[in-house]
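Engineer: Keeping their order, the protein sequence lines are chains H and Z.
FYI, the numbering used here numbers position 4 of the first sequence as 4, with every residue one higher than the one before it.
Counting from 1 along the second sequence, just add 153 to a position and that's the residue number in the numbering used here.
Quick caveat, the hints were computed from the structure, so don't treat them as lab data.
Glycine included, every Cβ here is placed at the ideal spot set by N, Cα and C.
Some clues are possibly wrong.
[As the list claims (entries may be wrong)] If you want a taste of the chain Z side facing chain H, the calculated C-beta under 7 Å gives, among others: (1) Glu300; (2) Lys307; (3) Ala313; (4) Pro317; (5) Phe326; (6) Gly329; (7) Lys419; (8) Phe423; (9) Pro425; (10) Ala426; (11) Ile430; (12) Tyr445; (13) Ala448; (14) Leu451.
[What the hints assert, rightly or not] Covered, in the sense of this in silico footprint (three residues per stretch, anywhere, with C-beta under 8 Å from a C-beta of chain Z), are these stretches of chain H: (15) 14-27; (16) 40-48; (17) 114-126; (18) 136-144.
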Amino acid sequence: MSLNNPPMTPAQESKRNFLKYILSGGLVALTGSILYPIFAYLRPPKQREVVVSSVKAGKLSEIEKESGQIIKFGNKPVILIRTASGDLRAFDATCTHLDCTVQFRKDMGMIWCACHNGKYDLSGRNVAGPPPRPLDEYRVVVQGEEVFVSKKL
Amino acid sequence: MITLWKKFYNWIDERVELENLVEFMGKKYVPVHRHSIWYYFGGVSLFLFIIQVVTGILLLLYYKSGEESAFESIHYLMSKVQFGWLIRSIHSWAANLFILAAMIHMFSVFFEKAYRKPREITWITGMLMFFLALGFGFSGYLLPWNELAFFATKVGTDIAGVVPFVGKPILEFLRGGEDVTGATLSRFFGFHVAVFPGIFTVLLGIHLILVQRQGMSEPLGIEHGKELKTMPFFPNFLLRDLLLWLLVLNIIAILAVFFPWELGKKADAFTPAPAGIKPEWYFMFMFQTLKYIPAKVLFIDGEILGIMFFGIAGLLWLLVPFWDKSSARGQQSRFLYYIGLLVVFYIILFTIIGWLA
Numbered sequence: 001m002s003l004n005n006p007p008m009t010p011a012q013e014s015k016r017n018f019l020k021y022i023l024s025g026g027l028v029a030l031t032g033s034i035l036y037p038i039f040a041y042l043r044p045p046k047q048r049e050v051v052v053s054s055v056k057a058g059k060l061s062e063i064e065k066e067s068g069q070i071i072k073f074g075n076k077p078v079i080l081i082r083t084a085s086g087d088l089r090a091f092d093a094t095c096t097h098l099d100c101t102v103q104f105r106k107d108m109g110m111i112w113c114a115c116h117n118g119k120y121d122l123s124g125r126n127v128a129g130p131p132p133r134p135l136d137e138y139r140v141v142v143q144g145e146e147v148f149v150s151k152k153l
Numbered sequence: 154m155i156t157l158w159k160k161f162y163n164w165i166d167e168r169v170e171l172e173n174l175v176e177f178m179g180k181k182y183v184p185v186h187r188h189s190i191w192y193y194f195g196g197v198s199l200f201l202f203i204i205q206v207v208t209g210i211l212l213l214l215y216y217k218s219g220e221e222s223a224f225e226s227i228h229y230l231m232s233k234v235q236f237g238w239l240i241r242s243i244h245s246w247a248a249n250l251f252i253l254a255a256m257i258h259m260f261s262v263f264f265e266k267a268y269r270k271p272r273e274i275t276w277i278t279g280m281l282m283f284f285l286a287l288g289f290g291f292s293g294y295l296l297p298w299n300e301l302a303f304f305a306t307k308v309g310t311d312i313a314g315v316v317p318f319v320g321k322p323i324l325e326f327l328r329g330g331e332d333v334t335g336a337t338l339s340r341f342f343g344f345h346v347a348v349f350p351g352i353f354t355v356l357l358g359i360h361l362i363l364v365q366r367q368g369m370s371e372p373l374g375i376e377h378g379k380e381l382k383t384m385p386f387f388p389n390f391l392l393r394d395l396l397l398w399l400l401v402l403n404i405i406a407i408l409a410v411f412f413p414w415e416l417g418k419k420a421d422a423f424t425p426a427p428a429g430i431k432p433e434w435y436f437m438f439m440f441q442t443l444k445y446i447p448a449k450v451l452f453i454d455g456e457i458l459g460i461m462f463f464g465i466a467g468l469l470w471l472l473v474p475f476w477d478k479s480s481a482r483g484q485q486s487r488f489l490y491y492i493g494l495l496v497v498f499y500i501i502l503f504t505i506i507g508w509l510a
């Protein structure tokens with residue numbers, strides 16, 4: 001290679017190439033074996049979802065007309081709405097835009113997201129602002145006095 | 154005293170030969186012209202960073218990361234610890250002023266074309282530090298674990314999540330899971346007090362060494378003119394610097410005492426986002442832009458469009474020394490001048506609209 005060295009014989013050359021491949025291959029393997037565990041470590045393990053099929057939301061007599069409240073559905077917020085006519089409806093309370101939690105606005109008669117002024121009607125349809133999709137609907141069942149909210153199948 | 158100092162100096166000098174360094178500092182001059190005032194904002198940013206390091210370390214002595222302890226520890230800090238409210242207020246105010254000073258510094262360098270050859274690396278390291286400063290702001294905002302911070306983090310990380318292909322892994326990496334939880338708080342705490350300061354210090358070192366080594370940039374028009382007036386850096390400019398730092402320290406003290414930073418309500422995943430929720434002012438123009446982009450433009454999601462727009466704009470801004478050919482030749486580019494004005498105008502206008510909305 002350098003001027004002082006005599007030219008390499010083919011045998012020397014192949015020996016040198018062999019070492020080059022071994023060393024660079026080793027370097028790649030070393031880098032990989034350091035980086036792989038690090039990147040794997042950075043990924044949080046999958047949490048087992050809390051399996052909830054139905055939650056008790058309260059007593060019918062305690063839920064006012066024209067009101068909305070957030071209830072815990074496992075670890076997800078769900079909004080339970082009672083319309084002026086007394087209908088009960090429940091939707092996923094997570095805004096389909098950027099993950100904020102929505103609220104019922106009596107003055108608008110709508111479901112509203114404070115973060116980016118997204119609006120949904122009381123059927124969960126995105127009617128104004130940036131939300132790209134309607135809110136997922138949940139099923140509301142009234143058994144006697146008790147109100148239950150469950151996932152739609 | 155003098156002899157003791159002399160002895161100490163000689164002791165060091167014998168071992169590391171300070172002569173060259175002293176000579177170098179004696180020869181350092183700062184150009185004097187009508188744009189000289191802009192030279193001070195880098196120093197002000199540095200001073201504010203030092204304040205952040207000192208108050209940040211002090212806050213660490215009481216802060217307890219964790220869903221059940223973060224908010225409580227800040228509450229304790231502000232109500233029980235002597236001057237706890239002051240330290241936290243200074244940290245919050247200085248953080249905002251730091252970003253403001255860095256912005257002024259950045260735009261002045263942009264308009265003076267100080268990024269042109271041979272100072273491209275200084276510009277790049279400065280810009281990277283600016284992006285890190287935004288990261289510091291975003292991660293530090295969550296640490297008190299209050300309602301506003303909780304939703305700000307939800308929105309901010311969700312925006313990262315809409316980037317095609319890499320978005321989902323980035324979102325999970327940032328949140329430490331699918332939702333914003335205590336795991337997110339742990340990660341943000343780590344970024345804020347270990348990862349970012351480490352990277353920032355390296356960049357700052359390179360940035361400052363380059364400024365020393367290359368000296369101050371001179372504005373384009375003046376360069377070819379007559380002999381420029383100068384001022385010795387040591388002690389003339391340094392003393393002016395220190396005086397300004399003292400002024401800044403007073404401003405921070407006034408802000409921290411008369412407008413102490415609020416703690417707000419503790420984060421709760423089962424309350425709606427509060428009405429009037431707003432991001433910090435330095436994210437406002439982006440937040441406000443996102444409000445105006447419709448949900449779908451043709452077949453592309455509005456958010457993706459917004460992110461792509463700011464991503465590409467940020468990248469072009471970062472790389473400006475490499476595509477601004479005219480300033481490299483020593484000419485002022487009209488086009489870039491108007492672009493710069495447009496950017497400043499856009500940021501100011503959208504920030505105001507966001508505040509009034």
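Engineer: Are the hints correct? Go through all of them and say.
Structural biologist: Hint check results:
Among the interface hints, the one on glutamate 300 of chain Z is violated; its C-beta lies about 10 Å from the nearest C-beta in chain H, farther than the 7 Å criterion. At a threshold of 7 Å, the smallest CB-CB gap from lysine 307 of chain Z to chain H is about 4 Å, leaving the interface hint in force. The restraint placing alanine 313 of chain Z at the interface with chain H is violated, with a minimum CB-CB distance near 11 Å, outside the 7 Å limit. With a least beta-carbon distance of about 15 Å to chain H, the hint placing proline 317 of chain Z at the interface is violated under the 7 Å criterion.
With a cut of 7 Å, the hint placing phenylalanine 326 of chain Z at the interface with chain H holds, because the nearest CB-to-CB distance is about 6 Å. A least Cβ separation of about 5 Å between glycine 329 of chain Z and chain H falls short of the 7 Å threshold, and the interface hint therefore holds. A cut of 7 Å between beta carbons decides the hint on lysine 419 of chain Z: the least distance to chain H is about 15 Å, and the hint is violated. Look at phenylalanine 423 of chain Z: its Cβ gets to within about 5 Å of chain H, closer than 7 Å, so that hint holds up.
The interface hint given for proline 425 of chain Z holds, since its Cβ lies 3 Å from the closest Cβ of chain H, which is under the 7 Å cut-off. Satisfaction of the interface hint for alanine 426 of chain Z is found here, the shortest Cβ-Cβ separation to chain H being roughly 4 Å, below the 7 Å cut-off. Annotation: interface hint on isoleucine 430 of chain Z holds; nearest CB of chain H at approximately 5 Å, less than 7 Å. Given the 7 Å rule on beta carbons, the hint for tyrosine 445 of chain Z is violated: about 9 Å separates it from the nearest Cβ of chain H.
A distance limit of 7 Å between C-beta atoms decides the matter here; for alanine 448 of chain Z the minimum to chain H is near 4 Å, and the interface restraint holds. Interface restraint check for leucine 451 of chain Z: the shortest CB-CB distance to chain H comes to about 14 Å, outside 7 Å, so the restraint is violated. With 0 residues having a beta carbon nearer than 8 Å to a beta carbon of chain Z, the segment 14-27 of chain H misses the requirement of three or more and the stated coverage is violated. Coverage of the segment 40-48 of chain H by chain Z holds. Counting CB-CB distances below 8 Å, 4 residues qualify, and the rule asks for three or more.
Using a Cβ-Cβ cut-off of 8 Å, 5 residues of the segment 114-126 of chain H lie near chain Z, which meets the minimum of three, so the contact claim holds. Check result for the segment 136-144 of chain H against chain Z: violated, 0 residues qualifying (beta carbon to beta carbon below 8 Å, three or more required).
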